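Chain B: place on chain A using the hints.
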Amino acid sequence: MKLIDRTASQLATLLQDGEVTRSEVVEAFLDRIDAVDESVAAFLHVTADRARRLARAADKAAEGGATPGGVPFALKDNMCTRGIPTTSGSRILEGYRPPYSATVASRLEDAGFILLGKTNLDEFAMGSSTENSGYFPTANPWDLRRVPGGSSGGSAAAVAAFEVPFALGSDTGGSIRQPASFCGVVGLKPTYGLVSRYGLVAFASSLDQIGPITRDVTDAAMVLNLIAGPDPLDSTSARVRAPDYTQALVPDVDGLVAGLPKELFGEGIDPEVKARVSEAAGVLGDLGVQVEECSLPHATYALDMYYIIAPAEASSNLARYDGTRYGFRYGVGESPAEGPARPEPGGEDPPPGLAAEAARPGPADLLEMYVETRRRGFGPEVKRRIMLGTYVLSAGYYDAYYLRAQKARTLLRQDFERAFSRYDFLISPTCPTVAFPLGEKVDDPLQMYLADLCTIPASLAGLPALSLPCGFSQGLPVGLQLMGPPFSEELLLRVGFAYEQRTDHHTKRPPLLGVKRR
Amino acid sequence: MNYEAVIALEVHVELATRSKIFCGCPTTFGAEPNTQVCPICLGHPGVLPVLNRRAVELAVRAALALNCEVHPESVFARKNYFYPDLPKGYQITQYDRPLATGGHLDLEVGGEVRRVRIRRVHLEEDTGKSFHGGDAHGSSPEHSLVDYNRAGVPLIEIVSEPDCRSPAEAGAYVEELRSVLEYAGVSDVRMEEGSLRCEPNVSLRPVGSERLGVPVELKNLNSIRAVERALVYEIERQSALLAAGGEVRRETRRWDEGSGTTRLMRVKETADDYRYFPEPDLLPLGLDAAWIESIRRSLPELRAARRERLVRDYGLPPYDAAVLTASRSLADYFEETVRLTGDPKTVSNWLMGDVMRLLNETGVGASVLRGRDSTFPPASLAELVALVQEGTISGKMAKEVLEEAFRTGRSPRDLVREKGLSQISDTAELEAVVDRVIEASPAAVDEFRAGKEKALGFLVGQVMKETEGKANPKLVNELLRKKL
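Line by line, the protein sequences give chains A and B. Numbers 1 to 518, taken from our numbering, label the letters of the first sequence in order. Numbers 519 to 1002, taken from our numbering, label the letters of the second sequence in order.
Chain A extracted, bound-state conformation:
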C-alpha cells in the first residue's frame, strides 16, 4: 500500500512505530499534490519547503525516541497561519500574511502535525461550489468538470484526491458537509462552540464552526480530539472538556431511535439521492436502529432565516476590509491585478482591466479609497451578501427581517429539541443532489443557495452534524447526514463508525480524470 493511500490514523501509527519517517510521508503527499493538483486545483498555497523543514527537524528529534504527530494536513485558507498567506479566497486579502495563527492551526502544529498548504474556498466562505473563489475554481476529483461543493471545496477535494490525509474546513450553512458529500469524504460540523473560532476569518460569527474533513470516521474522531475544547481566546467556545472521541468508535448502535425529518426528504431532493439515503436507513435498521419519519416544521423556513442572519453578520464582519491597515488598497501596489475579470452584480459593466489599475493615481479622498478598494477587492457574491446584510440591519427593516429571523431561529431550535426528546439522532441527505457541473449555477444564486437546504437547519440550531459517503448516483458520491443534540459528537461518530463497518462507500476512489485545469 502506498503511503498516500493510508488514512491519517494509519499514518499516525506508522510514524509512532517508526516504520516511516515524517519526511517520507511529507514527500509522498507533496509528490501527489505535484501530480494531481494541476487538475484538481485544491490548493491556494502549498507550503512545501516549510513542511519539508518541519518534517526533517521532527525526524531528527524522533531519533531520540518517539514523538507524536507528523501526519500532514491542509487548512482551508480562511484559517490564519502566522507568516503564511491567508486570503480567505479573496483578492482583498491577496498577499496578506497574518501576524498570528488560528487556535486550530496552533493546536495541530503543537501536536506535531505538519501543514502542507492552504486550500481553496468560495470567497470568505460564501458559496456552495468554490466557484466564488477570487483565484480559481476547484474541480471535483470524481468528475473534473463538476464542482467539489463549497465553500470548503478545496479541503474536500484535496482529501478526496489523496493530496492530503485530512484537512480542516469551516461550516456556516453546510460548507464542510456539502463538499464532503460531493467529494465522497467524511465531514463533521461540530456543535457551535466545541472548536475555537479564534483565527477563523469570520463570515457569520453565530454560525461559523471549524471541523475535520477526512477519509473515514476514525480519522474524524482523531482530528476532533486535537481541535476540540475550550479556548480562552474565544468567548463563545464552550466551557466543556472534550472527551476522547476515538473511544466512541464502537460498532454498537442497537436500540437507537433515529428520525428522518420529512422537510429534508421531500420536494427538491433528487430521487437517486433519496434512494441512497433510504438504503442507508435500511443499513442502520439492520444494525438495530429504529428509523421513523418525523417533522421539523420550521425547517421549511431555514433558508430564509439563514439568508437574513448570515449576510447581516457578514456585512459587519467584512467591514474591516477597507484598505486602511492590511490587504489590498486601491491605488497602492498591483493587487488585485490578475485573475479573471469578474462580472459585477446587477448587470454593471465589469471593472476596467485590473492590470491598468496599478498605473492609476491613488484615491482622491477617503470615500474613494473605501469604495474602490471594496469594489475591486470583493467578488460579486460577497458584495451581494454585504448588500443583503446591510439592508436587513437598516433602521426600519431590522424588526421585519433580522429580529424575525432570530425569533424563527429559536422556533427551529425548539423543533430540534422536541425531536431529540424522542429521537437519539436525525438523518437526512446531506445535499439535495450530487455534484453539479462547473458553471451551471454561477449565474443563479437562488439555485446555488438550495444546495444547502438540508445542512442549514443544524447550522442555525448550532447542532453537530456528520456527513458520510452513502453510495453513488451516476458515478458521483451521495452523502448521508447525521444530526444530533448539542455535544453529541460521540454518538454521531459511533453511528457513523458502525455504518462504515457495514459499507464500503468510503473506500471507493475517484478516477481523477486527467484534465488539466491550470
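If you're looking for bench data, these hints aren't it; they were derived computationally from the structure.
Below, simulated EDC-like cross-link-like pairs (lysine to aspartate or glutamate); rule was C-alpha separation at most 20 angstroms, straight line:
#1 A/Lys60 to A/Asp110
#2 B/Lys597 to A/Asp399
#3 A/Lys407 to B/Asp614
#4 B/Lys647 to A/Asp365
#5 B/Lys988 to B/Glu921
#6 B/Lys1001 to B/Asp964
#7 A/Lys274 to A/Glu263
#8 B/Lys972 to B/Asp953
#9 B/Lys597 to B/Asp791
Heads up, incomplete: computed chain B residues facing chain A, CB under 7 angstroms, no partners named:
#10 Pro557
#11 Gly561
#12 Pro563
#13 Arg596
#14 Asn598
#15 Phe600
#16 Pro602
#17 Lys606
#18 Tyr608
#19 Asp791
#20 Arg793
#21 Phe795
#22 Asp799
#23 Leu800
#24 Leu801
Computed from a predicted model, the values in this text were never measured in an experiment. All C-beta atoms, glycine included, are put in the ideal place defined by N, C-alpha and C.
Same frame as chain A, now just chain B:
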C-alpha cells in the same frame, strides 16, 4: 419671547484598567503611536474579543456610585460605521440592553440642591485617533495617519437626562461626576488628556413649554470651563437665531477655545443608521447579584459623605470640607497629613492656600502629590507645620520653604537647616539685640512707656531688622515688655 436652555450630557470616561477591554494590550497614556497594539485591537481577520473582567468591575462601580440599577444581564452590540480609526468597521458597545440605567447625581448650584437624572451607563471600546493635515506625527494635507494605541481602551458612556437648565448647572454636573468617578476609583478623569470627554447637547424652548427644541451637540471640550463657555456661547447663538426668526438645525458643532466660538462640524439631516445588532462574538454579560453587592460594599465613601465627616471628625468649617473633598486625592492628602501632625485647621489652611496655588500653577494633580514620585508628600507638609509649631521658623518663612520644597522635592527640615533659616529663639542671643535696640531708640521707648502700644511694634520691627527676620517675634515681644 423668553427661552430656557435644556441641556443633556453624554460623558465618555476611560476606565483605569491596565489592559484594553478586549485584548491584553496596555493602556498607558502618551506612548509612541501604534506601540500598544496587537492583532485583536487592530481588527485583523479572524480575531475575537475577550471581555476584560476588571473593566466590567470598574463600570459596575461607576454605575453604583451614580445610583444606577445594574442589570443582571446586559448585551454587547455592534455599532457599524466606517472610519479609519475604527479598526473593525464597527465599535463594540451596548445598545438596547445597557449595563445600568436609572441613576442620578445631586448637585449643589448656588446653594440649592439639584438632581440630574442619569439615563444609562454602558460599556464600550474606544477608537484610535486620527491625525490630519499635518497636525501631528508627520501627517500632511495629502495623507492622514492613525494611532491605534487608544483603540480598545475601555470606556463607559454616561448619558444624563435633559435636566440641566444652565451652563453653570452643566458645569456643576461634570464637576460632580468627575469627583464621584475619581472617588469611586474608576478613572483618573483627566479632561485634558481625554480620559473624561464631555459632549453636551443643548436646545432652547420657550419658558413654560414642555416640548424639547432642536438639540445641537457640542464637541472638543477639554475642561469644565470650556463646557460652560461653549454652552454660554451656544445658547446665545441659538437665542439670536430664534430672535431673528431663524431655525436651529440639528447639528454637531466644535468648540474653538481660541476664538471662544463654536463651529459647524456636520449637519444631522436624519438620525445616523448604525445598524446595531447583538455582538455574536460575546455572550450576554451576566452579572452575579452577589458580585454586584460585593462591589457596592467595596465602594469608598463618596464626596458628600466625606464632606460631612471632615466637619464632624476634624471640626473643619463646611467651606474647608467642601474645598478639600473636591477631589479624593486632596482629601486623602489632608487626612494623611493630619494623622502626622494632628492640627486639622492648620493643615487645611496650608492646603487651601499655598498648596492648591502651587498645584494650579504647576498643573500637577493632587493624585500625583500623594504618589511615589511626589515632590511634596504629606510627610513634607507635616514637617512644615511642625517647624512652625515648634517655633523653628515663622509662618512667613514657611511659605518660602514650602514653595522651594514643592518645586525641588527636598524636605522642609533640610532646607531650613541648609539655609540657616531657623528663627532665633535663644533668649540670651535675643536679649543682647533687644538691649541694643532699646538703647538706640529712646524716642520710641518713651512713647511706649507713656502708654502708646503702637511704639512696641516699631521696636519689634527694629529687632527683626537686626536679625534679618530670624528672630522669633513672639519671644521678642515678651522680652521687650519685660525690659520696658
